[in-house]
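Student: Sequence:
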Amino acid sequence: LEPVTPARFPQPDPRADLNSRFDTFWEAMDVLYGNFYGELPTGDDATYAAIRGVVNQLDDPNTSFLSPEEADVFRTSLSGSFEGIGARVEWDDEADTVRVVEPFENQPAWKAGIHRGDLILAVNGESVVGTDLNSAVAKIRGPKGSTALLTIVRLEEGVEPFDVEVVRDTVETPTVTTQALGEAGEIAYIRLYTFNENAGSLLKQAVEEAVARDSRGLILDLRGRQQRV
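Okay, so the sequence shown: first residue is 2 according to the numbering used here, each after it adds one.
Since the hints were made in silico from the structure, they are not lab data.
Computed from a predicted model, the values in this text were never measured in an experiment.
By construction, the Cβ of each residue, glycine as well, lies at the ideal position given by its N, Cα and C atoms.
A few of these clues could be false.
To be verified - Distance windows between CB atoms, simulated:
1) D46 with R214: 19 to 25 Å
2) T178 with G35: 56 to 62 Å
3) S147 with E184: 47 to 53 Å
4) E127 with D93: 14 to 20 Å
5) N107 with I220: 22 to 28 Å
6) Q180 with S202: 16 to 22 Å
7) E198 with A50: 27 to 33 Å
8) R224 with D46: 34 to 40 Å
9) R224 with F23: 40 to 46 Å
10) S147 with D222: 32 to 38 Å
11) R214 with E127: 49 to 55 Å
Take the sequences, apply the hints, and build the full model.
Tutor: Here it is as structure tokens:
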């Protein structure tokens, strides 16, 4: 992280206030690491958890912290293609785990029988319940040709959790699609599926084409920008 300086931070420099309280932090860590009998987090894991704790206090869905591995997943998403199971997912707060919003047609998740609304409890035997969306996505994605064993709950009466094997592949995600609506096609419908490195130019092109057709109206659909796996 780049150090925060007063010149870039509109409030008083927070470092002086934080530094004066680090003795309490280290006292707690000394007690934990000296007395806990069990597996303790690594230095990186403990550091990342502390940062996430501060960021989570903001209660802002648009502000989050990514580990280097999670940041790699995010950067891959910006390219418009990735290696994974081919589905759009989001975090289900009630179930505290990942929910499948949409399996992409003819992609691995679709072919393996994954349905809209399926809850993913574990990946390759490792639970994702109670974690977060970014870390769960990092586990679900993987190299082309590898297998993700997903433990699924399907919200239908009498259906117990079951495992589904999905062979990962390279997934190409749509960025912008267009459609002419109305009896004479006078309404231009443009849907932006995701923000990536090509989104700006493709959206600009779609709008320019709609203007060139003398469209009477324009619908810009920004729904459904969940994570892809």
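Student: All hints are to be evaluated individually against the structure, with a verdict given for each.
Tutor: Status of the hints after comparison with the structure:
1. Taking the beta carbon of each, D46 and R214 are about 54 Å apart, not inside 19 to 25 Å as hinted.
2. Range check, T178 to G35: Cβ separation about 58 Å, and the 56 to 62 Å hint holds.
3. The supplied range of 47 to 53 Å is met by S147 and E184, whose beta-carbon atoms lie about 49 Å from each other.
4. Taken as a hint, the range 14 to 20 Å holds for the pair E127 and D93, whose Cβ atoms sit roughly 18 Å apart.
5. Evaluation of the 22 to 28 Å hint for N107 and I220 yields a pass: the beta carbon distance comes to about 27 Å.
6. In this structure, Q180 and S202 meet the distance hint of 16 to 22 Å, their C-beta atoms being roughly 20 Å apart.
7. The beta-carbon spacing between E198 and A50, approximately 31 Å, falls within the hinted interval of 27 to 33 Å.
8. About 35 Å separates the C-beta atoms of R224 and D46, a value consistent with the hinted range of 34 to 40 Å.
9. Taking 40 to 46 Å as the suggested C-beta distance range, the pair R224 and F23 conforms, at roughly 44 Å.
10. For S147 and D222, the hinted distance range of 32 to 38 Å is satisfied, since their beta carbons lie about 34 Å from each other.
11. For the hinted restraint 49 to 55 Å between R214 and E127, the CB-CB distance of approximately 51 Å keeps it satisfied.
Taken one by one, the earlier hints fail for this structure only at number 1.
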